[in-house]
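Turn these sequences into a full structure, and let the hints steer you where they fit.
Line order of the protein sequences matches chains A and B.
Count the first sequence with the numbering used here and you get residues 1 to 182, in order.
Count the second sequence with the numbering used here and you get residues 1001 to 1247, in order.
Derived by calculation from the structure, the hints in this document are not laboratory data.
Bear in mind that the values here come from a model prediction, so they are computed numbers and not experimental data.
Certain hints may be false.
[To be verified] Covered by chain A, according to a simulated footprint, are these stretches of chain B (three or more residues, beta-carbon under 8 Å):
hint, region
1, 1033-1047
2, 1101-1110
3, 1190-1201
4, 1222-1232
[To be verified] Residues of chain B placed beyond 12 Å of chain A at every Cβ, according to the derived structure:
hint, residue
5, Y1090
6, L1119
7, S1123
8, L1124
9, L1146
10, H1147
11, G1155
12, A1159
13, F1165
14, G1172
15, P1177
16, H1214
17, A1239
Every residue gets a Cβ at the ideal spot worked out from N, C-alpha and C, and that includes glycine.
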Amino acid sequence: MRSDEELMAQYAAGDAAAFSELFARYAPMLLRIMRRQLHQQDDAHELVQQTFLQMHRARKDFDTSRKLRPWLMTIAYNLKREYFRRKGRRPEAPLEHEPPASERRRDPLEIADDQARVRAALAMIPEGQRTVIELHWFEEMPFPEVAKILGLSVSAVKVRAHRGYKALRQHLQSVTAEGIKA
Amino acid sequence: MTMPADGLELSELQRELDACRKLVGQADGPADDLGPLEAEVTNLVTSETGTRATLRALVTGQRIGMLVAAVVVLGAITAAVTPRMDLASYPKGRMAAVLVLLAVLTTVATVRLLRPLHLPAPSLMSSRLLLLAGLVTPFVVSIVPLHDHVGGPAGEGMAFAIGCFKCLGFGGALGLPVLLLAFAMRRATVDGAAIAALAGVAAGLAGNVTLQLHCPIVDPLHLVIGHALLLVIFGTAAALWQPTTSR
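Pasting the structure below:
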């Protein structure tokens, strides 16, 4: 199986089929990340499109001695940052989809309920910390790769992660306590 | 969902967050049919044709080099075709210093303007400082007195105003191609008006390079109004215009 980097090199050399393969490999992850952060299906689709369009425009810039994933993810995160800059707001949780407090702990195994709680807790932490958690935990990227995507040092990413986990736990605790009271 | 106790270690936190990850992963639901999205992306990519698409797809070093080279070529043509009348007597050190300063500012502005999205974005503050430096430096250069050299007459009243307009027109005409080229080579409309204004700064600096080689007037007021003001005009125009590059 060809590596991502080989596919990208072939695409830059004019192999259109390589693009389909790259799309198949990266579109699901990009869509998942964008949805999680934007909560708008259409906007998430638009940003994924733009990410691939920018990948196309920058294809000759790609250095095949480097990894494709952080390269592409940096494009996606820059576009996402621009999206929020234009909207003039930070990412929000889809609170309108959250179940009423009285029903939150009625069924502790209700996945949708837990999911809403996690998203609500995530939306409460600063964007810089949330981004690190998104990449490191949800997308299982190692700290050095996260650092490369965000243009930070590895130690700075670890500090953000630690603070983010701590804040997330506190928010999850408070959301859960609220649910138990109800 | 179990909650960890206070004072937990990172490994405990890791387990907790791992549980969160699984929950979110489940929440993503069944896999999407990505066919329509791929079709849209393919349409976008295949519609990338023509001169603008070719320019945007160049390696970033080439894009920056082309824009800086355009400024150099415009300066060289000006010096060859319509050189300033006092070129022989104009202080060589000052000429070199001004041209190098303008070239360096043009290069730095171009590097920031054409920065590819696969690199982490620098802070907006540093970009704004760069914009400020690009705008202010020509004004500062204009008011630094030039001793022991008498250039052409700046004129008074209407003659002064006409002289300034002529220079704005000359520099504007030669700076405009740089503005158009800068926007043509930009791959994405990102980071707002401050960054778009850098295209105008590059164009204004190009105009100032040509004026430095063409206009013999050394009166500071003429240099401020007829030369340096070009950067503000181009910068404002670029910030307001900023053509979209996404489609």
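Q | Interface-negative label, S1123/B against chain A, beta-carbon threshold 12 Å | A | violated, 10 Å
Q.
Using Cβ atoms and 12 Å as the threshold, tell me whether Y1090/B really stays out of contact range of chain A.
A. holds, 41 Å
Q) Can the region 1222-1232 of chain B be counted as covered by chain A under the rule of three residues or more with Cβ-Cβ separation shorter than 8 Å? A) violated (count 0)
Q | Distal placement of G1172/B relative to chain A, Cβ over 12 Å | A | Label holds. Min Cβ-Cβ 30 Å, cutoff 12 Å.
Q. Does H1147/B really sit off the interface, with its C-beta more than 12 Å from all C-beta atoms of chain A?
A. Holds, because the least Cβ-Cβ distance between H1147/B and chain A comes to about 46 Å, which exceeds 12 Å.
**Q.** Non-interface claim for P1177/B, where every Cβ of chain A lies beyond 12 Å
**A.** Holds, since 22 Å exceeds 12 Å.
Q | Per-stretch coverage check for the region 1101-1110 of chain B, three Cβ contacts closer than 8 Å to chain A | A | violated (count 0)
Q. Beyond 12 Å from chain A, beta-carbon-wise, is A1239/B?
A. Holds, since 15 Å exceeds 12 Å.
Q) Would F1165/B pass as off the interface with chain A, using Cβ distances and a cut of 12 Å? A) Given that every Cβ of chain A is farther than 12 Å from that of F1165/B, nearest at about 37 Å, it holds.
Q: Examine the region 1033-1047 of chain B: at least three residues should have C-beta closer than 8 Å to a C-beta of chain A.
A: Coverage by chain A holds here, the residue count being 8 at a Cβ distance below 8 Å.
Q. Hey, does L1146/B actually stay past 12 Å from chain A on C-beta?
A. holds, 43 Å
Q: Say whether it holds or is violated: G1155/B keeps its Cβ farther than 12 Å from all Cβ of chain A.
A: holds, 47 Å
Violation of the numbered hints given earlier is confined to hints 2, 4, 6, 7 and 8; the remaining hints are satisfied by the structure.
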